[in-house]
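Model the full structure from these sequences, guided by the hints.
Here the working numbering is used: the first residue of the first sequence is 1, the next is one more, and so on.
Hints in this document: simulated from the structure, not taken from any laboratory. Careful, some of the hints might be misleading.
DSSO-like, lysine-lysine: derived pairs with alpha carbons at most 27 Å apart [what the hints assert, rightly or not]:
no. : residue 1 : residue 2
1   : K857      : K25
2   : K975      : K964
3   : K856      : K964
4   : K688      : K279
5   : K678      : K46
6   : K287      : K683
7   : K594      : K573
8   : K856      : K841
9   : K841      : K757
10  : K890      : K82
11  : K492      : K511
12  : K894      : K841
13  : K406      : K305
14  : K216      : K511
15  : K511      : K475
16  : K573      : K547
17  : K893      : K44
18  : K366      : K258
19  : K975      : K997
20  : K857      : K959
21  : K406      : K504
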Amino acid sequence: MAKIWLDLCISIERMNYNFNEIEAKWQKYWAENQTFKAENVSDKEKFYVLDMFPYPSGAGLHVGHPLGYIASDIYARYKRHKGFNVLHPQGYDSFGLPAEQYAIQTGQHPAITTETNIKTYRRQLDQLGFSFDWSREVRTSDPSYYKWTQWIFIQLFNSWYNTDTDKAEDIESLIQIFEKEGNTTVNAICDDDTPDFTAESWNAFSSKEKQALLLKYRLTYLADTEVNWCPALGTVLANDEIVNGVSERGGHPVIRKKMTQWSMRITAYAQRLLDGLDKIDWPQPLKDSQTNWIGRSEGASVTFKVLNNTVTERSRSDENVISTPLNHPYEIEVFTTRPDTIFGVSFMTLAPEHELVSKITTPEQKDVVEAYIEATAKRSERDRMADVKTITGAFTGAYAEHPFTKERVPIWIGDYVLAGYGTGAVMSVPCGDQRDYDFAKHFGIDIPNIFSPLTPEEGTEDADALLENGAYAEKSGFVLKNSGFLNGLGYKEATKKAIAELEKIGQGKGKVNYRLRDAVFSRQRYWGEPFPVYYDADGMPQMLDEKFLPLELPEVDKYLPTETGEPPLGNAKKWHWLQYGDEGKVVSREEFEKAISDTERSRSGKIKGGALELNTMPGWAGSSQYFNRYMDPHNDEEIFSQEAINYWQDVDLYIGGSEHATGHLLYSRFWQKFMFDKGLVPKDEFAKKLINQGMITGTSAFAIRLQFIKNNYPFFVFVDSDMFDSFENPSKDSKYDYDDNPLFNFVEQYGSFDVQKLHVDVSLVDSSDEIDISKYKQWREEYSNSVFITKNSGSLKLTREIEKMSKSKYNVVNPDAICEEYGADSLRLYEMFLGPLEQSKPWNTAGITGVHSFLKKLWRLYHSGPNAEFYVSDTPPSEGSGEAFKTLHKTIKKVEEDIENFSFNTSVSTFMICVNELSAQKCNSRAILEPLAILVSPYAPHIAEELWEQLGHTESISKAPFPKFEEKYLVESSKEYPISFNGKMRFTLELPMDMTKEEIEATVMAHEKTQQQLQGRKPKQVIVVPGRIVNIVG
RNA sequence: GCUCGAGUGGCGGAAUUGGUAGACGCGCUGGAUUCAAAAUCCAGUUCUUUCGGGAGUGUGGGUUCGAUUCCCACCUCGAGUACCA
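What follows is the structure, encoded as structure tokens:
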């Protein structure tokens, strides 16, 4: 008897929606059958769906991480149903700081930590049922992958940017030009300090001199750069790795420091990076932030001649005009967006770091200037930002000559001028720029007015009065005065004219300036890509031959900088490159020196090599080309085959977080454009469409604890949040009478209290925001003797607040637990159901029961047999099932539209409506349920596969074509018209669809409810929109 | 400060080109089932009301027969950026 009972239980169990079993089964099936493996050769149209690959952190995934992955997976699965050959790969951005920090603390090799973390990630990703083609997995820290990161670095090194052809070209072509013409005719992007040279001098240069000059043109180059040095992290940071003056990771202070670093000449691509934004379908805010980051501004560069000190001294007693031609030793180049205001210049300001400062400062001012420079150098970036209001500066004692008026213009230094922007010098026009104005006011410098307002403010007879409270920075509403040849002109014409005149006298030209800086590419870290670079006997960098790649990371004893302050790679015992003919290897310093000292061989020129680069590449190196590598990830001969890149072309849909706007997404676009120039890729933008998924925030739970004082000792009482609310706001209607509120007694007895809100672990809280008091006491033993006043004895009502998900707030929800309790399909549906993909929205586990019971209802539709066994009817739906077809096709239409519009939340609702309707119709027809399974499968793939199999199919549902929508099932013969009065709907009326306007009006007007609404009034107008609405006005 | 985005029930959120505001789900209330609980099912749930209705999408104005949707001004919140000449 017991046996029979047990069997029955088991069979019922089998009939129920056993998601754990089903999900494990299909995940295994997909893996074993390589269901989602994409082929590089196919007759099908390609579609590339990409997620931003994760950094595998030790904490694993929380419920917020997979949001984008779920969306992209739905889209990928949908596209497969639509007949596309879909590439949907995944991998790991596995170089990075946390693993290295962990290595420093524990001595554990970062590769080991990384491997462990990847295993966790993989398990967590697998359990969510993603349709990734794992055969294409890449890891940035894998030598077979970073071989190609190094390879691209070499390509960049061997390239220069030709502004005539507007693309990157091989460095050999530049050398040829130098040999024939020197560098004076070529239009190339290069360092600002590049000297002019002729072909003769080029040909006479030593090889070291040539190499040094070429570095000024290469797209990746070594230069002394002012960098953001973070002493706490022991490394340099890129601008996008600094937030509010401190490091993005860890929040450590950052100082400016000059260091020899590899840089990427991304500025060569500034304009193309800007222009390219127009042809990609990326979110506007993201495009805006890239536009801001690139920061294009149009204006002019103007050269001011510095007056010779001695002459200046002598002429000081004279008028301000110097007529004698002078021998100008120095020139100051400034960039201005307002060349039209050039006659308003009353001083110049240089950044304290400007190289001319020390050269032009007069002996009298030397002490003041030096003291000022020292003071500003001490101020950290953060201090400077904290008090922008404080105006500081110093006069150099030197003067420049105004290019047109030839008047003397005093030269100041001030830290409001940034060394890194433009030329690090400005022509100060106090009447037209607020910062110049403030500076002038502060130091009592002249503020000459050059603006004549078109519409003078009332009460300002004197136009100069408009400068009383600040500069006039508008670009309209004035004509110029006191401006020589610009008098009477407005902004536009004056700008044009001023530039023309500057060009005429050879002291300026129109110029476009970018805020974008070249990207520093060196990091003083261990866990990153090694540079394929060694330094030769001249100290010049040399690239390793491609055939020696990858240059693998050496082993080190410790991951900290060396005692001499060199990067961690300085600890490597073997880190010299030694090459003899075609043989090359990494050796120790001793071995290298021994080989070199073998004079016979080294003199023959066959021995090459030197110390290898000690820096490693930054985090963004590996992520700047991975999307292309996925196309042909195991190719050891090429970065990818031309066949693969020409088939897959580019990413059709890229989903990831908006925090990568000015980092990864800008650098990747830069590399893509470079590779496009080199003919390696067919598209100069790597992703057609990009979507930023919103953040999922946590819903923290708080217990309210009141602190009373009893006999001079604190005394704590936990209280129901409802009870507390009604006590605080007695007027509000609530479940508590003020007088009945138990809290009242406490207050009467002990007087006033302090309120404390204590975070409670959200996993202990039920769907009604209550926590079992015994559970709470178990979790927080220190409260086991506290007093709890509650409505229901045994549980405490909590308040909730939205906060970022974080461990310390006890609001992190682990997907593992959700999968265990509700299944991956429920989790997938719920994440989508929460709201629009791009929006940030709070997670609350309580709500998942809604989608979970939807799946159970769906399951029941297919299990209407006795004992809830699988049953579908093969007989085509009879006339009574017309409704079922309507329900189905309504759903097909909506779901298809929703997926195309990335509106995944609304399709989940649509599925719910569909299943609710079919359940009500008691539909069990195969003709309906089979297409329904396909519709659901992108969202809830496991249950769909299981139902599909039960329906008798032997192939995965992912191969099934998407159901075709047919309009005919939705045609209605009548419409329930809303009847509005003055735009307000008052009642509805069912009328045939084929009724004419006039007939509708007549029928509606004759209706008793209409008359009742009008109450004898005569309508002024009746609007009838057939098939939509009737509106009666009057 | 500047740039961008968003404000709709107790909560997450729906609402085609302007055309029945609050779909769907959570929560809540009542009921069925159960020894009981869970699960499940049914009904109700924007506010207000004299049960006829009336008001209502951050605030104020405008366009329109009709506005959550379009325009103007303002308020609040969020994100990015910050002396960029």
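* Does K841 lie within 27 Å of K856 when you go C-alpha to C-alpha? -> holds (26 Å)
* Between K975 and K964, does the CA-CA distance stay at or below 27 Å? -> holds (25 Å)
* Does the structure keep K406 and K305 at a Cα separation of 27 Å or less? -> holds (10 Å)
* Given the hinted pair K856 and K964, is their alpha-carbon gap at most 27 Å? -> With a Cα-Cα distance of about 26 Å, the restraint between K856 and K964 holds, given a limit of 27 Å.
* Given hint K841 paired with K894 - CA-CA distance at most 27 Å -> holds (23 Å)
* **Given hint K757 paired with K841 - CA-CA distance at most 27 Å** => Distance ~23 Å between K841 and K757 Cα, so the pair holds.
* To do: For the pair supplied as a hint, K406 and K504, confirm whether the alpha-carbon distance does not exceed 27 Å.
  => holds (16 Å)
* Asked: Regarding the pair K678 and K46, is the alpha-carbon distance no greater than 27 Å?
  -> holds (24 Å)
* Asked: Between K573 and K547, does the CA-CA distance stay at or below 27 Å?
  -> The given pair, whose Cα atoms are some 23 Å apart, holds under the 27 Å limit.
* To do: Take the C-alpha atoms of K688 and K279, compute the straight-line distance between them, and say whether it is at most 27 Å.
  => It holds: about 8 Å lies between the C-alpha atoms, which stays within 27 Å.
* Decide if the proposed pair is consistent with the structure: K857 and K25, CA atoms, cutoff 27 Å inclusive. => holds (21 Å)
* Asked: Is the hinted pair K216 and K511 satisfied, with a Cα-Cα distance of at most 27 Å?
  -> Holds, at roughly 21 Å.
When the structure is compared with the earlier hints, no violation turns up for any of them.
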